[in-house]
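K.L.:
The hints should help you fit chain B onto chain A, whose structure is shown.
Letter by letter, the chains look like this.
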Amino acid sequence: MTDLAHVDATTVDSTTIVRVRGEIDLSNAAEVRDAIGAAVPDATTSIVLDLSDTAYLDSAGIAMIFRLAERLGYNRQELRLVVPPDAPIRAVIRLTQMDRIIPTHHSVD
Amino acid sequence: MTGLAGKRGSRWTFGARSRRDLVRYLSAVLLVGVAYYVGARMGLTLSLVERNVTPLWPPTGIAVAAFLLGSRSLWPGVAAAAFAVNLPISEGALAAAVTAAGNTLAPLAAAVLLGRVGFRRQLDRRRDALAIVFVGALASTLISATIGAGTLVVSDAIGSDRLLNAWAVWWTGDAMGVLTVAPFLLCLPLFRELPAWSPARWLEAVAILVVAGATITWAAQSELRALYLLPPVVGWAAWRLQLRGAAPTALVVSLVATWSASQADGWFARESVFERMFTLQTFNACIALSSFFLAALVTERNRTAAALEAATVELEDRVETRTAELSAANARLLEEIKERFEAEEQLSQEEARARREHEIAEILQRSLLPDRMPQIPAVALAARYEPATSDVEVGGDWYDVIQLRDGLIGLAIGDVAGHGPSAAAAMGQVRMALRAYAVQDPSPVSVMSGVHRLLSHLAMPEMVTLIYLVFDPATRTLRFTNAGHPPPLIVGGGKSKYLENGLAPPLGVTAEPDYMEYRQTMWAGSTLLLYTDGLVERRRESIQLGLHRLVREALRRQGADVDELCDGILSSLIEMDHVADDVALLAMRPLSVAGRPLALTLPAEPRVLADARRVLRQWLRDSAVTTEDEDEILVACGEACANVVQHAYATAPGSLVLEARIVEGAVEATVRDQGAWRAPAERGGGWGLQLIRGLMDSVDVDRTADGTVVRMRRRLKDAEHGGGG
Numbered sequence: 001m002t003d004l005a006h007v008d009a010t011t012v013d014s015t016t017i018v019r020v021r022g023e024i025d026l027s028n029a030a031e032v033r034d035a036i037g038a039a040v041p042d043a044t045t046s047i048v049l050d051l052s053d054t055a056y057l058d059s060a061g062i063a064m065i066f067r068l069a070e071r072l073g074y075n076r077q078e079l080r081l082v083v084p085p086d087a088p089i090r091a092v093i094r095l096t097q098m099d100r101i102i103p104t105h106h107s108v109d
Numbered sequence: 001m002t003g004l005a006g007k008r009g010s011r012w013t014f015g016a017r018s019r020r021d022l023v024r025y026l027s028a029v030l031l032v033g034v035a036y037y038v039g040a041r042m043g044l045t046l047s048l049v050e051r052n053v054t055p056l057w058p059p060t061g062i063a064v065a066a067f068l069l070g071s072r073s074l075w076p077g078v079a080a081a082a083f084a085v086n087l088p089i090s091e092g093a094l095a096a097a098v099t100a101a102g103n104t105l106a107p108l109a110a111a112v113l114l115g116r117v118g119f120r121r122q123l124d125r126r127r128d129a130l131a132i133v134f135v136g137a138l139a140s141t142l143i144s145a146t147i148g149a150g151t152l153v154v155s156d157a158i159g160s161d162r163l164l165n166a167w168a169v170w171w172t173g174d175a176m177g178v179l180t181v182a183p184f185l186l187c188l189p190l191f192r193e194l195p196a197w198s199p200a201r202w203l204e205a206v207a208i209l210v211v212a213g214a215t216i217t218w219a220a221q222s223e224l225r226a227l228y229l230l231p232p233v234v235g236w237a238a239w240r241l242q243l244r245g246a247a248p249t250a251l252v253v254s255l256v257a258t259w260s261a262s263q264a265d266g267w268f269a270r271e272s273v274f275e276r277m278f279t280l281q282t283f284n285a286c287i288a289l290s291s292f293f294l295a296a297l298v299t300e301r302n303r304t305a306a307a308l309e310a311a312t313v314e315l316e317d318r319v320e321t322r323t324a325e326l327s328a329a330n331a332r333l334l335e336e337i338k339e340r341f342e343a344e345e346q347l348s349q350e351e352a353r354a355r356r357e358h359e360i361a362e363i364l365q366r367s368l369l370p371d372r373m374p375q376i377p378a379v380a381l382a383a384r385y386e387p388a389t390s391d392v393e394v395g396g397d398w399y400d401v402i403q404l405r406d407g408l409i410g411l412a413i414g415d416v417a418g419h420g421p422s423a424a425a426a427m428g429q430v431r432m433a434l435r436a437y438a439v440q441d442p443s444p445v446s447v448m449s450g451v452h453r454l455l456s457h458l459a460m461p462e463m464v465t466l467i468y469l470v471f472d473p474a475t476r477t478l479r480f481t482n483a484g485h486p487p488p489l490i491v492g493g494g495k496s497k498y499l500e501n502g503l504a505p506p507l508g509v510t511a512e513p514d515y516m517e518y519r520q521t522m523w524a525g526s527t528l529l530l531y532t533d534g535l536v537e538r539r540r541e542s543i544q545l546g547l548h549r550l551v552r553e554a555l556r557r558q559g560a561d562v563d564e565l566c567d568g569i570l571s572s573l574i575e576m577d578h579v580a581d582d583v584a585l586l587a588m589r590p591l592s593v594a595g596r597p598l599a600l601t602l603p604a605e606p607r608v609l610a611d612a613r614r615v616l617r618q619w620l621r622d623s624a625v626t627t628e629d630e631d632e633i634l635v636a637c638g639e640a641c642a643n644v645v646q647h648a649y650a651t652a653p654g655s656l657v658l659e660a661r662i663v664e665g666a667v668e669a670t671v672r673d674q675g676a677w678r679a680p681a682e683r684g685g686g687w688g689l690q691l692i693r694g695l696m697d698s699v700d701v702d703r704t705a706d707g708t709v710v711r712m713r714r715r716l717k718d719a720e721h722g723g724g725g
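Residue numbers (the UniProt record's numbering), protein chains in the order written: chain A, 1 to 109; chain B, 1 to 725.
Excised from the complex, chain A in its bound form:
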């Protein structure tokens, strides 16, 4: 894992919560994707990507999340995002209309 971002995951029943802390950009998007994939068990049916502590997200990161959602969909796994209203990345999510394609919540709860 790069110094730029850290990925950790918690699985409760069939739901896995993956938290990404740090920054996602061109340099580490692929690594973050792989880290998320590795953190998600096959038995999980619902994945929550918590971006509350994500300080930076660029177009490479957006593209990565779209592809992740697509791939999980093949496995009948559902992806949801958590983006708080005051998150630094909220403008990026809004501008790319990601919250319209992927179910997005303000908090994990």
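FYI, nobody ran anything at the bench for these hints, they're computed from the structure.
For glycine and all other residues, C-beta sits at the position ideal for the given N, C-alpha and C.
Be careful, since some hints might not be right.
Which chain B residues stay away from chain A? Per the calculated CB distances, all over 10 Å, these [stated by the list, open to error]:
hint, residue
1, Ala196
2, Trp236
3, Leu255
4, Glu350
5, Arg372
6, Asp406
7, Ser422
8, Asn501
9, Ala610
10, Leu634
Ranges of calculated distance between the beta carbons of each label pair, as one might list FRET restraints [to be verified]:
hint, chain 1, residue 1, chain 2, residue 2, range
11, A, Asp13, B, Arg713, 22 to 30 Å
12, B, Asp702, A, Arg94, 53 to 61 Å
13, A, Arg94, B, Arg713, 15 to 23 Å
14, B, Glu605, A, Asp13, 38 to 46 Å
15, A, Thr11, B, Glu628, 32 to 40 Å
16, B, Asp702, A, Ser14, 51 to 59 Å
P.N.:
Leaving out everything else, chain B in the frame of chain A:
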């Protein structure tokens, strides 16, 4: 006679000291007497007239030989025998005694005279041959002839008219006796004294004697005058065998000739007594003279040849010895040269090895130092390493700058005690260990403890001093811990401060050091200086003086950029052409951006994107931009930079320039490159440009052959920046 051979001198005198010597003397006298008597009896048988005219009188020769070989003190034997011989043939005892006295005096005189002229009984010189003939034979026998003939006349044995005749016969008889018999007797000891003959030589000697005997016997019996055949035979003997061949041959020849003459055999029968006498004596004289003379001549010549040969041999020996000495000296010299050459070669090899070691250590050390400072947007960095100019010593000084997560910067400087390749290698290990620990956990205490544990396990003999700092550009805070290293210095704005806190013992000294973390904030415009002791230490001088000097020189240059600062400090604190110890110097200055336009030039690589954002974020914060503006401007600029990194330099690496300023309440940001930029829309997704346009008020992409410039502008929300909403 052989019993007396070689016994010369006066050993047999009456004064003989021992009884044994007396017995030996009397035996010798008796032997000489007997020999004299026997020789006389033989001589009488050779008489030409009646019984008293003898052409060859051997006893005189025997007496001369006895006196020469033995001693003149043997004369009583001669005298007694002569008296015994003459008594029956003389007119009374008195006449016999007088005659005997003459017979004794003649050989004595011969012996004395020969001794005077330096006669050698070996007869090996021409003068010896002449001496025996003229002194030994002809001169001394005048005595016996005169006395003997006179006695004959006086005693009326013969008439006075026959005096001359009797005298002549007596004289020639005695002389011939000496000439033929004495050399033969004198030659006998030579068979023992000279090198023995080989069997072939003995055969030759016998052959010569047989030929000589046969020839003279035939010649004497013959009616022809064949005596002239003998000289060649005697010459042969003299030539081949010298005295040992000539004397016996001459004796045999003379005896046979004399015998034949006395018997009036053959050719002698025709002659008168006088004629026979004359012929015989001249013949005998010729034989004796020529044989001895020739023998002496040949002996001399042989001796000369032998001497010459010996000289040659000696010369050869000397040449050989000298050559051997010379070659030994030469070999010694060569050996010395070789040894010296080897020593020199060894020396030069050792020098070369030392030089090589020095070079290896220096290359090793340089390879272990960062070849260039990392480009960290938040700080300006410069470093110098000056190896000791001393020909053998390469130290273990080192420094390192490590980019850590969250924009933290790790700084380290250290000194491994000792010199040469092992110190340089140890330094490399410490540096790598420190890097690994710092990336794992940047905390100074954690890093220092880790390096300490590693060194304990490595059982590294060298002592290591090390200071490690973590700098956070966002807060300009230093966290550090120090293991025995000279304190870092912060200078700037007319102020200076040594970071003397947190000093622990050098690594590898104590078992369980208690490392402590200390903090220091760098004030605006300040510079951090890390160095090794070579910079401040001088022989016979307190280190405090060096530390004061460093402060003074650093303050003098506080306005210069970090490279000029380093060069200035080095040149003023150390003699560049004589660096006693290695010197490492590292300067770090946080970039102050507040209130000034931002200008960053970075390599267009993915890893610098985060750095660029960090600097930009710091600048935006320093410029009191709201968090929302900060986040969104950051994304817009980040996208523009990412596009450069991803697309501008497809073939060759290049750089990326990010500039930002605040103009009339708006942020104007420019991202430029020198490559072939393509609009984000031209690749799949097109999120990038969409984001930039969505986040900024205006976006202008200016694409030329020299590169692309993206100009972005966003009005800031806060009215304090002078712009309207």
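K.L.:
Evaluate each hint against the coordinates.
P.N.:
Verification of the supplied hints:
no.	hint	in the structure
1	Ala196	117 Å, holds
2	Trp236	129 Å, holds
3	Leu255	143 Å, holds
4	Glu350	50 Å, holds
5	Arg372	21 Å, holds
6	Asp406	7 Å, violated
7	Ser422	34 Å, holds
8	Asn501	28 Å, holds
9	Ala610	6 Å, violated
10	Leu634	7 Å, violated
11	Asp13(A) / Arg713(B): 22 to 30 Å	50 Å, violated
12	Asp702(B) / Arg94(A): 53 to 61 Å	28 Å, violated
13	Arg94(A) / Arg713(B): 15 to 23 Å	21 Å, holds
14	Glu605(B) / Asp13(A): 38 to 46 Å	43 Å, holds
15	Thr11(A) / Glu628(B): 32 to 40 Å	35 Å, holds
16	Asp702(B) / Ser14(A): 51 to 59 Å	53 Å, holds
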